[in-house]
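J.: Turn these sequences into a full structure, and let the hints guide you.
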Amino acid sequence: MTTPLESAEPAVQAAGPADERPTSRGTLQYALSKAGGALFSIAMVLVGTFFVFRLLPGDPVRNLAQGRNMTPDQLDLERRRLGLDKPLIDQFLNFVGDTLRLDLGTSYEYKRPVIDLIGERIGPTLLLTGTGLVIAVSLGIWQGTRAGWRHGSRFDRVSTGVSLLLWSVPTFWLGLLLMMVFGVGIGPIPSLFPFRGIESVDAPDGFGYVLDVASHMVLPCLTLVAVVYAQYLMVMRSSLLEEVSQDYVTVARAKGLRDDEVRRRHAVPNALLPTVTLVFMRIGFVVGGAVTVEYIYTWPGLGQLFYRAIEVPDFTLMQGTFMLITVSVIVMNTLADVVYHLLDPRVRSA
Amino acid sequence: MTETQTTAEAVTTTRPTLLEARDLHVEFSSRGRRARAVDGVNLAIGEGEIVALVGESGCGKTTLARTLLGLERPTSGEVRYDGNPLTYTSKALKTYRRQVQLVLQDPTGSLNPRHTVYEAVAEGPRIHGLPDEQDLVSKALSHAGLRPPDRFFLRYPHELSGGQRQRVVIAGALALNPKVLIADEPVASLDASVRGEILALLLRLRDELGLSALVVTHDLGLAWNIADRVAVMYLGRIVESGPVEQVLTAPRHPYTQALMSVLPESPERVVLTGEPPDPTRIPGGCRFHARCQVLASGKAAEAGVHTRCRTEPLPILPATPEAQAACYYAETTTP
Ligand SMILES: Nc1ncnc2c1ncn2[C@@H]1O[C@H](COP(=O)(O)OP(=O)(O)OP(=O)(O)O)[C@@H](O)[C@H]1O
Ligand code: SF4
Ligand SMILES: [Mg+2]
Numbered sequence: 001m002t003t004p005l006e007s008a009e010p011a012v013q014a015a016g017p018a019d020e021r022p023t024s025r026g027t028l029q030y031a032l033s034k035a036g037g038a039l040f041s042i043a044m045v046l047v048g049t050f051f052v053f054r055l056l057p058g059d060p061v062r063n064l065a066q067g068r069n070m071t072p073d074q075l076d077l078e079r080r081r082l083g084l085d086k087p088l089i090d091q092f093l094n095f096v097g098d099t100l101r102l103d104l105g106t107s108y109e110y111k112r113p114v115i116d117l118i119g120e121r122i123g124p125t126l127l128l129t130g131t132g133l134v135i136a137v138s139l140g141i142w143q144g145t146r147a148g149w150r151h152g153s154r155f156d157r158v159s160t161g162v163s164l165l166l167w168s169v170p171t172f173w174l175g176l177l178l179m180m181v182f183g184v185g186i187g188p189i190p191s192l193f194p195f196r197g198i199e200s201v202d203a204p205d206g207f208g209y210v211l212d213v214a215s216h217m218v219l220p221c222l223t224l225v226a227v228v229y230a231q232y233l234m235v236m237r238s239s240l241l242e243e244v245s246q247d248y249v250t251v252a253r254a255k256g257l258r259d260d261e262v263r264r265r266h267a268v269p270n271a272l273l274p275t276v277t278l279v280f281m282r283i284g285f286v287v288g289g290a291v292t293v294e295y296i297y298t299w300p301g302l303g304q305l306f307y308r309a310i311e312v313p314d315f316t317l318m319q320g321t322f323m324l325i326t327v328s329v330i331v332m333n334t335l336a337d338v339v340y341h342l343l344d345p346r347v348r349s350a
Numbered sequence: 001m002t003e004t005q006t007t008a009e010a011v012t013t014t015r016p017t018l019l020e021a022r023d024l025h026v027e028f029s030s031r032g033r034r035a036r037a038v039d040g041v042n043l044a045i046g047e048g049e050i051v052a053l054v055g056e057s058g059c060g061k062t063t064l065a066r067t068l069l070g071l072e073r074p075t076s077g078e079v080r081y082d083g084n085p086l087t088y089t090s091k092a093l094k095t096y097r098r099q100v101q102l103v104l105q106d107p108t109g110s111l112n113p114r115h116t117v118y119e120a121v122a123e124g125p126r127i128h129g130l131p132d133e134q135d136l137v138s139k140a141l142s143h144a145g146l147r148p149p150d151r152f153f154l155r156y157p158h159e160l161s162g163g164q165r166q167r168v169v170i171a172g173a174l175a176l177n178p179k180v181l182i183a184d185e186p187v188a189s190l191d192a193s194v195r196g197e198i199l200a201l202l203l204r205l206r207d208e209l210g211l212s213a214l215v216v217t218h219d220l221g222l223a224w225n226i227a228d229r230v231a232v233m234y235l236g237r238i239v240e241s242g243p244v245e246q247v248l249t250a251p252r253h254p255y256t257q258a259l260m261s262v263l264p265e266s267p268e269r270v271v272l273t274g275e276p277p278d279p280t281r282i283p284g285g286c287r288f289h290a291r292c293q294v295l296a297s298g299k300a301a302e303a304g305v306h307t308r309c310r311t312e313p314l315p316i317l318p319a320t321p322e323a324q325a326a327c328y329y330a331e332t333t334t335p
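Protein chains in written order, with full-length UniProt numbering: chain A, 1 to 350; chain B, 1 to 335.
Each pair of labels, with its calculated beta carbon distance range:
| # | chain 1 | residue 1 | chain 2 | residue 2 | range |
| --- | --- | --- | --- | --- | --- |
| 1 | A | G36 | B | S90 | 47 to 55 Å |
| 2 | B | P113 | A | D260 | 19 to 27 Å |
| 3 | B | S90 | A | S191 | 46 to 54 Å |
Among the chain B residues that face chain A by a calculated CB cut under 10 Å, a handful are:
| # | residue |
| --- | --- |
| 4 | R66 |
| 5 | T95 |
| 6 | R98 |
| 7 | N112 |
| 8 | A120 |
| 9 | I127 |
| 10 | E159 |
| 11 | G172 |
If you're looking for bench data, these hints aren't it; they were derived computationally from the structure. All residues carry an ideal CB built from backbone N, CA and C; glycine is no exception.
T.: Now the structure itself:
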């Protein structure tokens with residue numbers, strides 16, 4: 001038999017060396033180091049963009065000419081105007097300098113500064129994809145929470161099934177389907193929503209204009225939400241499932257916490273963490289817009305601009321939109337890291 | 001063996017019962033089959049008494065503990081607290097939660113990683129709307145040996161050691177000023193060096209606060225060290241119970257004997273044969289008979305009980321403090 005315990009228990013459990021509280025300085029440092037990493041990535045994007053777009057097939061000047069007959073002199077002149085006759089290193093330095101000054105060059109196709117084109121298109125894109133993101137995230141979190149909480153229930157099976165089905169449908173196909181049914185109208189279904197552009201030609205002013213734009217947004221937004229909300233639902237559902245099986249949930253129940261309070265106070269906030277991270281990473285892509293959806297519904301956004309740039313091809317425009325999209329993804333990923341850090345005390349002091 | 005334990009035994013018999021399981025059954029249906037996880041248990045925990053519940057993995061200890069806490073509803077039988085059967089209305093349960101509290105094996109999982117120590121300990125008082133929250137939290141932390149308490153308020157669980165975390169969990173239970181602690185393997189996931197501390201803490205809480213405890217464990221040495229009484233569980237039932245020094249120095253049930261024989265001090269080791277117990281297929285007769293070394297060695301046959309061992313179900317042991325064993329062979333050797 002083992003000897004009975006002597007009261008070896010120390011009277012005081014001093015707080016010990018871990019006494020310094022993790023401070024906000026820790027978070028700031030973390031944010032700065034992340035920002036440093038992001039700057040490095042952006043620099044790499046600049047380098048990458050410069051070389052990739054100069055290695056692409058086709059002579060930009062000839063592309064610019066678009067089959068129009070130009071004399072060699074004219075081509076030379078054009079080449080010099082674009083700085084293509086200088087050594088590569090000078091070209092690169094010029095490129096970096098211009099980019100930093102937000103001078104992204106002039107579009108071959110539209111004959112206007114790329115930055116102006118982006119400026120015009122970014123509003124509609126942010127409006128459409130931002131609204132879509134908010135709806136998809138809310139829908140996903142709401143359904144994911146319910147499905148995870150009542151794991152295996154009818155609601156769980158139906159909502160998970162439907163969202164995954166929509167997720168697996170090609171955007172193009174779903175977009176066209178919705179356009180046919182609710183836009184053009186089929187059989188007894190009248191044309192319910194406009195499906196071309198962002199506003200009507202005869203759009204009224206003031207509040208009427210807001211309504212007009214809103215009605216134009218319905219179908220593209222619906223398409224966007226339908227194909228992406230599954231990922232928020234699934235992340236929320238699985239992380240909630242994980243939280244619900246944790247011992248602290250049992251402990252809270254044993255203390256008398258009601259089920260809905262257990263969900264609100266413990267399970268959902270903790271399960272939201274991975275979802276929030278995912279959302280931030282997605283915000284980066286919002287800027288890029290939804291190329292397919294914008295194309296189908298002729299939405300005057302960045303996605304369509306990018307599509308057009310590839311179709312032409314318009315290298316300066318492609319390069320500009322490409323850089324914008326990559327940089328916003330990098331920035332948002334960095335923000336996602338920092339937000340995660342702020343929300344989770346475990347990582348915060350690590 | 002020692003004087004303290006003799007007095008403990010004397011007290012055992014006179015302690016009024018606080019928490020009791022009466023003919024408790026808990027069944028689960030798993031893949032279409034009924035698992036009788038708790039299959040007829042009588043168990044009483046007296047005021048200020050520490051009872052150890054021992055038994056191998058899967059025998060139903062956690063299920064019994066959860067049912068005693070009201071986290072699981074019994075299929076039949078009842079849980080009684082302070083003489084009254086537990087009812088499962090949310091109001092009655094909420095009142096009950098202040099009396100009986102829970103400590104789990106893994107302190108890391110038992111604490112919400114995003115709640116500070118203060119929030120964790122204050123949760124109980126907040127749920128029940130108790131006044132002087134901060135005072136309660138300070139007192140609970142001090143009782144649990146975390147002093148000075150305010151130095152721990154803003155800590156997060158990951159900043160503490162395993163032993164300190166378990167103290168926070170215990171403090172969270174103590175903040176409700178309960179009468180009974182149900183501790184499911186409270187030290188099994190801790191470093192050997194801090195196990196003694198946590199056990200000593202439980203003993204001190206009993207002495208200082210008069211707390212009763214049911215300590216679930218599969219460590220007999222631990223049961224010996226802290227319990228007044230021990231109940232040995234096998235396949236959903238208590239097969240032997242009684243004062244700890246009696247049961248553990250002179251075990252009467254072959255299953256207890258087999259458990260004891262794996263201790264390093266034991267002269268010879270009994271190796272149990274047969275399939276591990278499965279609560280979906282509880283054998284008839286004595287539920288231990290397929291693995292019983294006494295039956296296998298022919299000693300039961302010598303005593304003439306072997307047929308009963310195989311065919312006749314044993315009665316459920318009552319909730320008495322005295323030593324008792326559910327075994328036909330034991331009955332013949334000790335009157
Ligand atoms: N919710 C449940 N649903 C189905 N079966 C369950 C459930 N909970 C427990 N069981 C089954 O009941 C039996 C007893 O489980 P329990 O957890 O009570 O054992 P235990 O003695 O605590 O084991 P351990 O020492 O491993 O913790 C096991 O066979 C287990 O599979
Ligand atoms: S009743 Fe028979 S089978 Fe059961 S433990 Fe006793 S001797 Fe073994
Ligand atoms: Mg268990």
